[in-house]
Every structure is written in C-alpha cells, then in structure tokens.
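Residue numbers (my numbering): 6 to 184.
Bear in mind the hints are in silico, worked out from the structure with no lab data behind them. Misleading hints may appear alongside valid ones.
[As the list claims (entries may be wrong)] Taking CB as the label site, the calculated pair distances span: (1) 176 - 81: 23 to 33 Å; (2) 173 - 107: 31 to 41 Å; (3) 106 - 141: 18 to 28 Å; (4) 140 - 40: 33 to 43 Å; (5) 158 - 45: 12 to 22 Å; (6) 169 - 81: 14 to 24 Å; (7) 166 - 141: 26 to 36 Å; (8) 43 - 122: 19 to 29 Å; (9) 160 - 118: 17 to 27 Å; (10) 160 - 40: 18 to 28 Å; (11) 65 - 44: 17 to 27 Å; (12) 144 - 102: 17 to 27 Å; (13) 152 - 103: 19 to 29 Å.
All figures in this text were calculated on a predicted structure; none of them were measured in a lab. The C-beta atom is built at its ideal place from N, Cα and C for all residues, glycine as well.
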Amino acid sequence: MSILSRLGLLGARREADGGSEGETETVRRIAARLERLPLEERRFVAAFAYVLARVAQVDLRIEESEALAMERIVAFQAGLGPEEAALAVEIAKRHAELLGGTENYVVTREFRRLSSHEQRLRLVDCLYAVAAADENVSSIESGEIAAIAEELGVGHAELVEIRGRYREKLGVLKRPAKP
6 MSILSRLGLL
16 GARREADGGS
26 EGETETVRRI
36 AARLERLPLE
46 ERRFVAAFAY
56 VLARVAQVDL
66 RIEESEALAM
76 ERIVAFQAGL
86 GPEEAALAVE
96 IAKRHAELLG
106 GTENYVVTRE
116 FRRLSSHEQR
126 LRLVDCLYAV
136 AAADENVSSI
146 ESGEIAAIAE
156 ELGVGHAELV
166 EIRGRYREKL
176 GVLKRPAKP
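Turn these sequences into a full structure, and let the hints steer you where they fit.
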C-alpha cells in the first residue's frame, strides 16, 4: 500500500487498482498541508506549485522575485489565502531544491492526469510568468518550460503562442549589456 493510500489521499478506485502512477512524496506533503480543499484540488495545487518550483529551480537557485510570483500565481489559480499559498510554494520550493530532477517527470505527469488541456496551457503561461519575474527568461528556463509543455501534451504551436507573450523577457532575444 502506498503512502498516499495510508493517509487516505488516494481514491478507492486507484487503491484497488494498486496504482501508484504519478504519486509522489512531494505531492502528498503539499496536499496534506492544504487539508481544507477537496482531495483532487489539493493534489492539483500540490502538483501545480511543484511544477512552478521546477522552473524556478532549474538554474539551481530560486530568486525572491520568482518565489513571490509563485505565491501570487498559486493564490490566484487555487483561490487560496496568502498564508496557504506561501506554504504550498515553500514546500514545493524545498522539494524542488532537495530532489531536483528525481520527481520532476512524475509530478508533471500527475498534473497532466489531474488537469484539463486549458489548465495545462494556463500552467505553461504561469511557468513563463515565474521565469520572467526577474525580468529575464534564461535559455535554461525556456528549455525547461518547453520540456514541461511536451510532458503535458501542449503542442508546439501553443507553446510558441504563449512564449510570444513574454518575448521582451526572453534572454536569448535580448542584446548583451555593454561593458
């Protein structure tokens, strides 16, 4: 029996199937702290926050501006209060820092399972917003967003359309600063 099952965070159908697809310790911990939300919403918020942190952490540091953008986005998208959003983001940040790439694909796959295509597009837009919070979407951040979009089943044309909204922040298109 999985940890999620023992804590009552898995539906009876998935437990009966013995499936642990997409289950992660990260999603479980964030979901457990957001107990006031219905189960599927907790999972959704946990995965959403983790994927945001995945992009913020890809350059091995999460800037304060990125963390604040994540909190605003999570609060708005999930209808959470500032304290709950800050908690969800803090837990997601810590797990992204500690676990790096070990859970990235699994959590993103869980988000895909829990979300509609429209919600996935919104997440990709939010990923760019987090990356652009420091006024520069680096090549590594842009590459990670493209990888996430592919994992989510977001088409290339959709990704290009979303990325176009952040054109002025794309590091690859900026002129280098003069010394």
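A quick look at each hint next to the structure:
For residue 176 paired with residue 81, a C-beta distance near 26 Å keeps the hint of 23 to 33 Å intact. As the Cβ distance of residue 173 to residue 107 is approximately 34 Å, the hint placing it in 31 to 41 Å holds. Residue 106 and residue 141 have their C-beta atoms about 22 Å apart, which keeps the hinted 18 to 28 Å range intact. A hinted range of 33 to 43 Å holds for the C-beta pair residue 140 and residue 40, which are about 37 Å apart.
Checked against the hint of 12 to 22 Å, the pair residue 158 and residue 45 passes, with Cβ atoms roughly 19 Å apart. Remark: the range hint 14 to 24 Å for residue 169 to residue 81 is upheld by a beta-carbon distance near 22 Å. For residue 166 paired with residue 141, a C-beta distance near 21 Å fails the hint of 26 to 36 Å. Between residue 43 and residue 122 the beta carbon distance is about 21 Å. The supplied range of 19 to 29 Å therefore holds.
Checked against the hint of 17 to 27 Å, the C-beta distance between residue 160 and residue 118 comes to roughly 18 Å, which is consistent with it. At about 36 Å, the beta-carbon gap between residue 160 and residue 40 misses the expected band of 18 to 28 Å. For residue 65 and residue 44, the hinted distance range of 17 to 27 Å is not satisfied, since their beta carbons lie about 33 Å from each other. Separation of residue 144 from residue 102 is about 21 Å and conforms to the stated range, judged on CB atoms against 17 to 27 Å.
Checked against the given bound of 19 to 29 Å, the beta carbons of residue 152 and residue 103, roughly 20 Å apart, stay inside it.
The structure fails hints 7, 10, 11 (numbered hints given earlier, in ascending order).
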